[in-house]
Each structure stands twice: as structure tokens, then as C-alpha cells.
Amino acid sequence: MDEKEYIARRVAKELHDGDVVNLGIGLPTMVANFIPEDIEITLQSENGFLGMGPVPEKGDEDPYLVNAGGIHVTVNPGGVFFDSAESFLIIRGGHVNATVLGALEVDEKGNLANWMVPGKMVPGMGGAMDLVTGAKKVIVAMNHTAKGNHKILKQCTLPLTAVNAVDLIITEMGVMEVSDKGIVLKEINPEFTVEQVQAATGATLIIAEDLKPIEI
Amino acid sequence: MNKLISVEEAVNMIQDGMTIMVGGFLGCRNPYVLVDALVAKGVKDITLIANDTSFPEIGIGKLIVNKQVKKLISSHIGTNKETGNQMNSGELEVELVPQGTLAERIRAAGAGLGGVLTPTGLGTIVAEGKDIITVDGREYLLEKPLRADIALIVGAKVDKKGNVRYKKATRNFNPLMATAADIVIVEADEIVEVGEIDPDDVMTPGIFVNYIVGGNA
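Heads up: the protein sequence lines correspond to chains A and B, in order. Under my numbering, think of the first position of the first sequence as 1, with each following residue one higher. Under my numbering, think of the first position of the second sequence as 1001, with each following residue one higher.
If you are wondering where the hints come from, they were derived from the structure by calculation, not from laboratory data. Just so you know, these numbers come straight off a predicted model, no measurement behind them. Some clues are possibly wrong.
[Stated by the list, open to error] To spell it out: a stretch of chain A is covered by chain B in this simulated footprint if at least three of its residues, at any positions, have a beta carbon under 8 Å from a beta carbon of chain B; those stretches are:
1) 47-61
2) 72-82
3) 85-97
4) 128-138
[Claimed, not checked] Calculated from the model, a selection of chain B residues having no Cβ within reach of chain A, i.e. all distances over 10 Å:
5) Ser1089
6) Val1135
7) Ile1191
Quick reminder that beta carbons are idealized off the backbone N, C-alpha and C, glycines included.
Construct all of the structure, not just a fragment, from the sequences and the given hints.
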């Protein structure tokens, strides 16, 4: 199994029956493929609907229906469309149970940077700032490092998306909770040692007393 | 009151230097016919307010490629490389606004409000230069209203009074922009007689719409 699928499968286990969930573009989108069959999740798309379904068969694309990444998708029975103000009322107002998104950097205060690298890449924040501010639970799903460079840091160096916003970080190495005391390693991929995870992390990890192996 | 006009008449209202809002989300959809006519006319020095700058070949993406925009107020520019290029070269001034804040700033203008208070952007560069207001112990950013000279919106079904029904994910910013500009022009995929849209199904009341042009759905 590749790392992205491993991460997506573990993220899916964080979701609960009845949750309204917003999935970011890329790896987070894959989470939809691994939602346990015995729970019902409603996916929110920030361009203005609830009940997002999978990508249609080729040739069945609806010109009026894309996701927030501009990709043609479908809508499930019971889905609802609305305008951008209502969409962000849902997001900012605390009506989204969980949002899953990628990061360039996360730090031990739960600060998140994922929308620009000055002078290099400035795509804009889109809906990310509202999502991490308003969602009840913010899950960062990403590779633990970028080409060997730390992404989980003591302090973010890039412009922030939000302050003190991240609740959980899930990577191919482990599951980490952001607490008042710092980042707690709660679960570890059995293919790695605690020392290896720490070496790949730019902040000092607090190792949970009941550290468990990741199960997916 | 006849609101039906030609595309040419619509575009003739749009002059160099105006502030224009355009509905759509990553090109799904923009008022393609009106935007193409703007490109053909070559209106320049536009201040453009839109969620994003689409893709280079689609809808308002073309306005950027054609260098008709002087200032852009938008939440996302990553799908149109030309926007970033012109921003980096200094040709285009870009104000990036969180998407939910952009929606609320436009809504505030249309609703006659002096702004909105949002927690989004606190502690980030979005907060620079803005007032922080504390309400019941919680901090919020004061975000000011956004108005335009002209709003170009797009509806799936529009009756001759200008009542608009949108379809699926293409509602996005259109109903908000329809309330926040001096002149509102809707591009209709389909124009129908008054009464053909059930009042329960009207999403933008015709009182907000000044003119209607036919689209090419």
C-alpha cells in the first residue's frame, strides 16, 4: 500500500456516523474512498453543496457540477446546493465536524501554514482559512517530511493559515495530537521506531504512555 | 420594463477602469458570453472581484491573460499561472481574501452593513492593517464591504422580470454579487416568460437584476 493510501485509510477512522466533513484537494480527497461502510458521512464542498458524491464516469460529467478543485463530481441523493455565503456559514459557524487538509508546515502550537511560499508559490488561501478556523476538528493529513525536510516544527516559518487550529496530524509515520503541552505521538506505524519518528520531526514529541501501533 | 438587451449593449456599459464582480467558481461557470465580449472589446484597467481567476482559457481567466485587469480581489489564483506571473512582475495588484470573507464582504455591501466581524485570518497576514474588535471576550477582524460598478452573473433559468434560478454548484457568488453592484447583468442559459419559474424556486429576485442577456448553454 502506498503512503498516501495508508494515511487516507487512517484518517477515515477518525470520522463518525453523521459527521459533516470537508476534504481538501489531493490526499485528503482520497479519504472518501475509505469511509467505513457502517457509518454515514455527509461531504461538504465549499463551492456550495452538501452530499458530494464520487467522480462520474467519463462522458457523464455535468457542466454545472464541480468540486472545490474544479473537478467534475456527482451529488448523492439528499444533497443540497446553496450559495457561497451559506457554504461558509456552514464552515465558519462550526457546522462542519471535521476538515481534513494538507500542510506545508504545522507546529507544536497547532499553527498551520499551507497557503503560500513567499516569492515561490502563492495560490491563495481559497477556503482554507475559514475551514481551519470554523471546523470543530482540524486534521492535517500529509507526508511526515518533504524531501527529507521537517514539516512538523517547533514554530512555523511560512505565513500562517491560522493560529492554534490543528487538532490532529496523521502521517505515514504516526498519529499525533496537538495538546497544550506540545505534540503527542499517540500511534506509530510499526515499520518505524519512535527514534525515527522523532528524527523526522522538528519539534520534541511527547510520547503517549499508551502509544499504540496504527491500525488501518 | 424591458430588461432584455444584446451582448453588445451590455458590454457598452462597461468602461475602462470600472470595478466589476463576476460570478463563478473555477470557471464553473462564469458568464462566458459576456466575458468573451469584454475580452473582444478590450476593456482595460479593470478592478476584478471574483472568487478565483479560473483557468487561462476559460471564462475570466482570459481577462487576466489578455492583461485587462489592473487590480484583482480574489481568494484563489493557483489555477491560472498567468495571474501569478503578472502579480510577481508587478503588472497586477492582487488582494487575496479568504473565500468566506469574500462572500461576507460582498453580502455586507448588498445588505447595507458597514462590514462583518470574522475570526478568519486572525494571526495571519490577512489581519495586517485591519481593526481587531473584541466581542464578549473573543477577537474578530473587521472586514469591510465590497461593492462594484457592475456585476456580471450567470443563471440557468431567468424570466423576463430578471428572477433567476441557478443550477447545482453554479450558484456560488452569483446571488451575493447581484445585490452589491450599481448595475447587475445576468447572462441566462435560458430566458423564460414571467410565471414560468415557481416563486418558491427563485433564488435571486428580479428586483436585483437590471439587464438580461442570452447565453449559449
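Non-conforming hints, listed in increasing numerical order: none
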